[in-house]
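Novice: What follows is the residue order along each chain.
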Amino acid sequence: MSKLDIKNGLIEMGHGSGGRASATLIEEIFVRHFDNELLNQGNDQALFSIPAGRMVISTDGHVITPLFFPGGDIGSLSIHGTVNDVAMSGATPLYLSASFILEEGFPLADLERIVISMAKASIDAGVPVVTGDTKVVERGKGDGVFITTTGVGIVPDGINISGDLAKPGDAIIVSGSIGDHGIAILSSREGLQFGTTIESDSAALHTLVAEMIAIAPAIRCLRDPTRGGLATTLNELARQSNVGISIQETSIPIKAEVKGACELLGLDPLYIANEGKLVCIVPAEDAGQLLAAMHKHPLGQNAAIIGNVCEDAQQMVVMKTAFGGSRVVDWLAGEQLPRIC
Amino acid sequence: MKFVDEYRDGDVAQLLARLIRQEAKPDRNYRLMEFCGGHTHAIFRFGIVDLMPDNVRFIHGPGCPVCVLPAGRIEAAIKLVEENDVILCTYADLMRVPAGKRDSLQKAKARGGDIRMVYSATDALAIAQANREKQVVFFAIGFETTTPPTAAVLKIANAMQLTNFSVFCNHVETPPAMMHILSAGEAKIDGILGPSHVSTIIGSQAYADCCDKYRVPLVIAGFEPLDVIQSVLMLVRQINAGEASVENQYTRAVSKGGNKKAQSLMAEVFEQRPLFEWRGLGVLPESAVQIRSEFADFDAEKRFGMQAIATADIKGCICPAVLRGMNNPDECKLFGTACTPEDPKGACMVSSEGACAAYYSYGRYRAAESKA
Numbered sequence: 001m002s003k004l005d006i007k008n009g010l011i012e013m014g015h016g017s018g019g020r021a022s023a024t025l026i027e028e029i030f031v032r033h034f035d036n037e038l039l040n041q042g043n044d045q046a047l048f049s050i051p052a053g054r055m056v057i058s059t060d061g062h063v064i065t066p067l068f069f070p071g072g073d074i075g076s077l078s079i080h081g082t083v084n085d086v087a088m089s090g091a092t093p094l095y096l097s098a099s100f101i102l103e104e105g106f107p108l109a110d111l112e113r114i115v116i117s118m119a120k121a122s123i124d125a126g127v128p129v130v131t132g133d134t135k136v137v138e139r140g141k142g143d144g145v146f147i148t149t150t151g152v153g154i155v156p157d158g159i160n161i162s163g164d165l166a167k168p169g170d171a172i173i174v175s176g177s178i179g180d181h182g183i184a185i186l187s188s189r190e191g192l193q194f195g196t197t198i199e200s201d202s203a204a205l206h207t208l209v210a211e212m213i214a215i216a217p218a219i220r221c222l223r224d225p226t227r228g229g230l231a232t233t234l235n236e237l238a239r240q241s242n243v244g245i246s247i248q249e250t251s252i253p254i255k256a257e258v259k260g261a262c263e264l265l266g267l268d269p270l271y272i273a274n275e276g277k278l279v280c281i282v283p284a285e286d287a288g289q290l291l292a293a294m295h296k297h298p299l300g301q302n303a304a305i306i307g308n309v310c311e312d313a314q315q316m317v318v319m320k321t322a323f324g325g326s327r328v329v330d331w332l333a334g335e336q337l338p339r340i341c
Numbered sequence: 001m002k003f004v005d006e007y008r009d010g011d012v013a014q015l016l017a018r019l020i021r022q023e024a025k026p027d028r029n030y031r032l033m034e035f036c037g038g039h040t041h042a043i044f045r046f047g048i049v050d051l052m053p054d055n056v057r058f059i060h061g062p063g064c065p066v067c068v069l070p071a072g073r074i075e076a077a078i079k080l081v082e083e084n085d086v087i088l089c090t091y092a093d094l095m096r097v098p099a100g101k102r103d104s105l106q107k108a109k110a111r112g113g114d115i116r117m118v119y120s121a122t123d124a125l126a127i128a129q130a131n132r133e134k135q136v137v138f139f140a141i142g143f144e145t146t147t148p149p150t151a152a153v154l155k156i157a158n159a160m161q162l163t164n165f166s167v168f169c170n171h172v173e174t175p176p177a178m179m180h181i182l183s184a185g186e187a188k189i190d191g192i193l194g195p196s197h198v199s200t201i202i203g204s205q206a207y208a209d210c211c212d213k214y215r216v217p218l219v220i221a222g223f224e225p226l227d228v229i230q231s232v233l234m235l236v237r238q239i240n241a242g243e244a245s246v247e248n249q250y251t252r253a254v255s256k257g258g259n260k261k262a263q264s265l266m267a268e269v270f271e272q273r274p275l276f277e278w279r280g281l282g283v284l285p286e287s288a289v290q291i292r293s294e295f296a297d298f299d300a301e302k303r304f305g306m307q308a309i310a311t312a313d314i315k316g317c318i319c320p321a322v323l324r325g326m327n328n329p330d331e332c333k334l335f336g337t338a339c340t341p342e343d344p345k346g347a348c349m350v351s352s353e354g355a356c357a358a359y360y361s362y363g364r365y366r367a368a369e370s371k372a
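Chains as they are written, first to last, in UniProt numbering: chain X, 1 to 341; chain A, 1 to 372.
Treat the hints with care, since some could be wrong.
Stated by the list, open to error - Restricting the straight-line Cα-Cα distance to at most 30 angstroms, the calculated cross-link-like pairs of lysine-lysine (DSSO-like) are:
| # | chain 1 | residue 1 | chain 2 | residue 2 |
| --- | --- | --- | --- | --- |
| 1 | A | K134 | X | K141 |
| 2 | A | K107 | A | K134 |
| 3 | X | K7 | X | K120 |
| 4 | A | K302 | X | K141 |
| 5 | A | K109 | X | K141 |
| 6 | X | K3 | X | K167 |
| 7 | A | K134 | A | K155 |
| 8 | A | K109 | X | K135 |
| 9 | X | K120 | X | K167 |
| 10 | A | K302 | A | K101 |
| 11 | X | K259 | X | K320 |
| 12 | X | K320 | A | K25 |
| 13 | A | K261 | A | K302 |
| 14 | A | K315 | A | K188 |
| 15 | A | K25 | A | K155 |
| 16 | A | K101 | A | K79 |
| 17 | X | K320 | X | K296 |
| 18 | X | K141 | A | K107 |
Stated by the list, open to error - If you anchor each label on the Cβ, the simulated ranges turn out as follows:
| # | chain 1 | residue 1 | chain 2 | residue 2 | range |
| --- | --- | --- | --- | --- | --- |
| 19 | A | R111 | X | P70 | 32 to 38 angstroms |
| 20 | X | E311 | A | R111 | 43 to 49 angstroms |
| 21 | A | A338 | X | T65 | 31 to 37 angstroms |
| 22 | A | Q22 | X | G158 | 24 to 30 angstroms |
| 23 | A | E83 | X | K167 | 29 to 35 angstroms |
| 24 | X | A218 | A | K25 | 50 to 56 angstroms |
| 25 | X | G61 | A | A338 | 29 to 35 angstroms |
| 26 | X | T59 | A | A110 | 24 to 30 angstroms |
| 27 | X | H295 | A | A208 | 53 to 59 angstroms |
| 28 | X | N160 | A | L19 | 50 to 56 angstroms |
| 29 | X | G140 | A | A126 | 20 to 26 angstroms |
| 30 | X | E311 | A | R21 | 26 to 32 angstroms |
| 31 | X | D44 | A | R111 | 36 to 42 angstroms |
| 32 | X | R239 | A | A110 | 24 to 30 angstroms |
Because the hints were derived from the structure by calculation, they are not lab data. All residues carry an ideal CB built from backbone N, CA and C; glycine is no exception.
So here's chain A without its partners, still in its complex pose (with noise of 0.2 angstroms):
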């Protein structure tokens, strides 16, 4: 395939393993922290682990849309779903997300909510056009890269004076998640792989703060797994010279102001809402957007009237802990035991970025070759 092969060949990735092997110091530790699932992924997908020397280890982030939603959020699309006759619209992996009370969209999609999988904003748009007797809800949820389509539909809807479409913002920024993990000082982080698709709609320089205030370096990396191990390489460079600043491997997509267009559009449809919660990280002030009151028609809390709904999570579930880098997933008591992929006690099981999902294949995997 065309630009996807180009960034997965074998010989350069050994190649760049022989270089991070001969440069990362012995007598150090090198941890780092990959703030995209999308990266988790990559790293589990392509065996990623297996070219790192011991000391050069991957911390999971919170980078995971479906993760660091609260189960409160899904337990209000649900209670919306069946306490109104809406056509609720989401992205697919938002479906096995738990919400409180073993409860989940699948499982009221099974009980007869009427509840679909998109791909797109655009396709709930499309639904709700094609269901003009019915509200229609798109369940928005995502960092920066998702957030410029919502707004654009948003523009359409308004445009089109549809009536019958809304939007649930969950939509989060990126830069203050990252700044609370660094600030809280939980996690020992040597580096950071920084978001590639939402630095393309943010750029490079969205992070200038955080390497200079918490002196850590940070390299954007694209989630191609040679993008992956040439930013570890990078990082390892930064570490070594004792460096903490923003550089940009993923040059093929990031700018350093990100787009322009994106941006304006996103600031137009959208404002910073005060306070926001995140499964894991908590309340956090300025972390998240919502809708304009210039389009509030479209927005669905007002529209519906939906009210917040606190749910704590699984008693047990560290999944906090996890999506704040402190813990390795297999510490969970609850991991591989009662919360498995089949049945997930907490979001990071659910979603293929989650990390606990990501160990429990590969960790028996490990455990097994250990015994061998």
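Pulled out of the complex, with its shape left as it was, chain X reads as follows (with noise of 0.2 angstroms):
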């Protein structure tokens, strides 16, 4: 089989085929890099066995533009966000799926570069990519790359967290600072300048919520605010388990240079995707400890418990402002746009 130019080369669409073509694309780039023994196989399915327990599948989408961010790129994102799917229902992740849609004259360099930025987050991760699949879409029907990644995992017995379990009295932790994610993107996107770069939080949270499970079991529900920030998150939350959920703005960390840019540009910080956050809902009883050992992890070093779960019938999410007044945190209607003036 002839070599990839992955310098100078372009995909086509033979490289979609499923032929000779196809085989050496698979090869020299996706094998090479995930390297793993399931996946070297060669099999067009990954078999392994599994510990006892409930098993947890999650899928997920991923379409960015830029594809490069400052703090990432779709590679990484792809891994952190399945894993992180994964993660918020307690659950070990054990093993990804990976399926690339590549649009025609995509260069093979950048797309080794997402690949190898993909496996160095796997390998970060201890959850490797098992099995996939290559499509390519002709010139103009695709967006450079699109990836799917599929995650499987495993529920340690005796834990239970999904998001229709909150109680009036729970508390809320966030577990860092939010809107990174979302105004790195923008500033890259649009080509904005801040005088300051904000990096992606993308992160693979797992670690973190096996170490949040250990100190508190009683954890109700774990959930990483991703699109649609952390008042979606919080709405989403509120609606499933019937409950109203109070907040104060004072307590929730935002770094100044998100919150600047997010005045410049007219949007809310509460609104901005996270790709390395995560809500919990829980006892009130266990929140002091469970932040304490949050404080100790590098990814909740800014954990903070930002307001309780309460009795509402509406289901509304209504944040004290630093003000002194209250208003509502409500459902996003379409997208954030910035203001005029």
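Put the complex together from the two separate chains, hints included.
Specialist: In structure tokens form, the structure reads like this:
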């Protein structure tokens, strides 16, 4: 088989044909970088034994512009996103699959850069990519690269975490500063200069989750506030659990540069996406100890209790403002759009 | 954040609120119109209503650029992009505003129209420079705040002799709209929180006639929450004293005469438009600007022979009355049922500066709170 010209080559329709060109692409880019025993077997599926417990599966499509951004890229994001979705059930993520939809004309060098980043994220997380798929679409019918990842994991016995379990009186914890990912993307997408580089918080949270569960097995809800940000996640949890949520603006960690960028653009940081943060609802009596444990983990250093669950048949999320008033933090209607003035 | 946090100090807010409660006379009402959507946004975002005594009430005015743009102008822009091979660039919050026939720029984009969201007029110019083979039209809207940047890019485009760039001008002017609301006498207004960003351009003196003629006090108020609450106190004091003058709370940015450079830039590129339709206010004379004949080559209305499209507002929608300060959003039959932020029927439900969108969130909370 002829070697790929990774430095100068482009994705061609033949790379998705299933023939020799596909095999070369898979061999020289995917298998080479993901390199693990199950994938290297070269089957169309990965066969493995599973430990006892309940199994979790989650899948996520990754479509992002730009593909490379401060603090990450679509590759690492596609690992972190799915590892986190699995971990938010309290599970230990075990394996991942990855499906690539590549656009004809996409540079092989960029593809390799993405796959190297993905492989690193997967190795760092200890969750290997064990099977996958590649398709090529004609030029103009894709956006460079779309990646779908699926993850499986096992929930330990005795752990029961779900969005419908929040109860009045519970404490709400966020694992760190919000809005970093969304602002990093926005700044690189729109070519906006904020005078400081805001990096995405993209990270795999399962080791943090494992430590949290060890300290507070009674955790009721976990969710990563990705698209729609903290506000949307809190509204989802309030609706699922049929409760109200009360938060304090002054308790929510937000970096000054994220705040500043949001002010400039007329955006609300509560609705900005995150890729390395989680929201946790836990019985109030466990909150202090849990928070102290989170502070010891690198991804939970800035964790904070931001409010509590209350009774409310209307399932409202209400924020006490720093100004002394209160306001509703409602579902976002459509996209959050910058104001004119 | 330097220069932001100083204007969001909760303790100072409580102090000012206490003064308002002390000074507002219990036997009278203080109906204060916040002209700008930016103020509406601040009032709801920071929960300022909670700090006010019951007899100090906010009436929402027409100062939201997307709310006052009639549906017909958006329909005209959609027609332009669908019938011509153009790239239409616009500020973001115009995308979801309902045009006629349940349409919007966002829907036209989904149908294949090349409609792009920009942060500034300069971005639109850059798109024109990068796409010389296509006609690029900037859908310009806004009050005097956004008019100078549009004038600046028109001058640049003219100097560069760019042949593929033009502006669909929808810039409107604040004082005529304020005059109209006060002259109509439909809304009971005891004082006005005057536009802040607009006033940095046109100056506080631009509203002197409004105050003199209609005997209503006006305070130019910044958009930060402490600005708003301090301005309320200034208005309460003027009302108590029976005065009706222009006061400037936003002295850190607004001068009496405004920004002369911006004014001359606007005058060089734009001229008064004899008539312009406002959503909710109808056709108002000399209330908007159009591109001067010297820059006619860059006027999209002329270049593409754009025709005015008359579109009736949705039946039952009282956005016009809300924009005139006559009704509160929750007095509309469509409010919260047929008209929601997910499926807005009127413009006031679209923008985060829109009174209906603010009421929708906040009103539900209030209802829940009063039940409890």
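Novice: Hints first: check each against the structure and report whether it holds.
Specialist: We went through each hint and held it up to the structure:
1. A:K134 <-> X:K141: This hinted pair holds, its Cα atoms lying about 21 angstroms apart.
2. A:K107 <-> A:K134: Holds: K107 (chain A) and K134 (chain A) sit about 21 angstroms apart, inside 30 angstroms.
3. X:K7 <-> X:K120: holds, 20 angstroms
4. A:K302 <-> X:K141: The given pair, whose Cα atoms are some 36 angstroms apart, is violated under the 30 angstroms limit.
5. A:K109 <-> X:K141: holds, 17 angstroms
6. X:K3 <-> X:K167: violated, 59 angstroms
7. A:K134 <-> A:K155: holds, 20 angstroms
8. A:K109 <-> X:K135: The hint holds at about 28 angstroms.
9. X:K120 <-> X:K167: Given pair K120 (chain X), K167 (chain X) is violated - Cα atoms ~39 angstroms apart, limit 30 angstroms.
10. A:K302 <-> A:K101: holds, 25 angstroms
11. X:K259 <-> X:K320: holds, 18 angstroms
12. X:K320 <-> A:K25: holds, 28 angstroms
13. A:K261 <-> A:K302: With a Cα-Cα distance of about 28 angstroms, the restraint between K261 (chain A) and K302 (chain A) holds, given a limit of 30 angstroms.
14. A:K315 <-> A:K188: Status holds; Cα separation ~25 angstroms.
15. A:K25 <-> A:K155: Answer violated: K25 (chain A) to K155 (chain A) is near 53 angstroms, above 30 angstroms.
16. A:K101 <-> A:K79: holds, 13 angstroms
17. X:K320 <-> X:K296: Measuring from Cα to Cα gives roughly 28 angstroms; hence the hint holds.
18. X:K141 <-> A:K107: Holds, because 20 angstroms separates the two Cα atoms, which is no more than 30 angstroms.
19. A:R111 <-> X:P70: 32 to 38 angstroms: holds, 34 angstroms
20. X:E311 <-> A:R111: 43 to 49 angstroms: Distance hint for E311 (chain X), R111 (chain A) holds at roughly 45 angstroms.
21. A:A338 <-> X:T65: 31 to 37 angstroms: Check passed, 35 angstroms falls within 31 to 37 angstroms.
22. A:Q22 <-> X:G158: 24 to 30 angstroms: With a Cβ separation near 59 angstroms, Q22 (chain A) and G158 (chain X) fall outside 24 to 30 angstroms, so the hint is violated.
23. A:E83 <-> X:K167: 29 to 35 angstroms: violated, 58 angstroms
24. X:A218 <-> A:K25: 50 to 56 angstroms: The hint (50 to 56 angstroms, Cβ to Cβ) holds, given that A218 (chain X) and K25 (chain A) are roughly 55 angstroms apart.
25. X:G61 <-> A:A338: 29 to 35 angstroms: holds, 33 angstroms
26. X:T59 <-> A:A110: 24 to 30 angstroms: holds, 25 angstroms
27. X:H295 <-> A:A208: 53 to 59 angstroms: Given about 58 angstroms between the Cβ atoms, the range holds.
28. X:N160 <-> A:L19: 50 to 56 angstroms: holds, 53 angstroms
29. X:G140 <-> A:A126: 20 to 26 angstroms: holds, 23 angstroms
30. X:E311 <-> A:R21: 26 to 32 angstroms: holds, 31 angstroms
31. X:D44 <-> A:R111: 36 to 42 angstroms: 40 angstroms Cβ-Cβ, so the 36 to 42 angstroms window holds.
32. X:R239 <-> A:A110: 24 to 30 angstroms: holds, 27 angstroms
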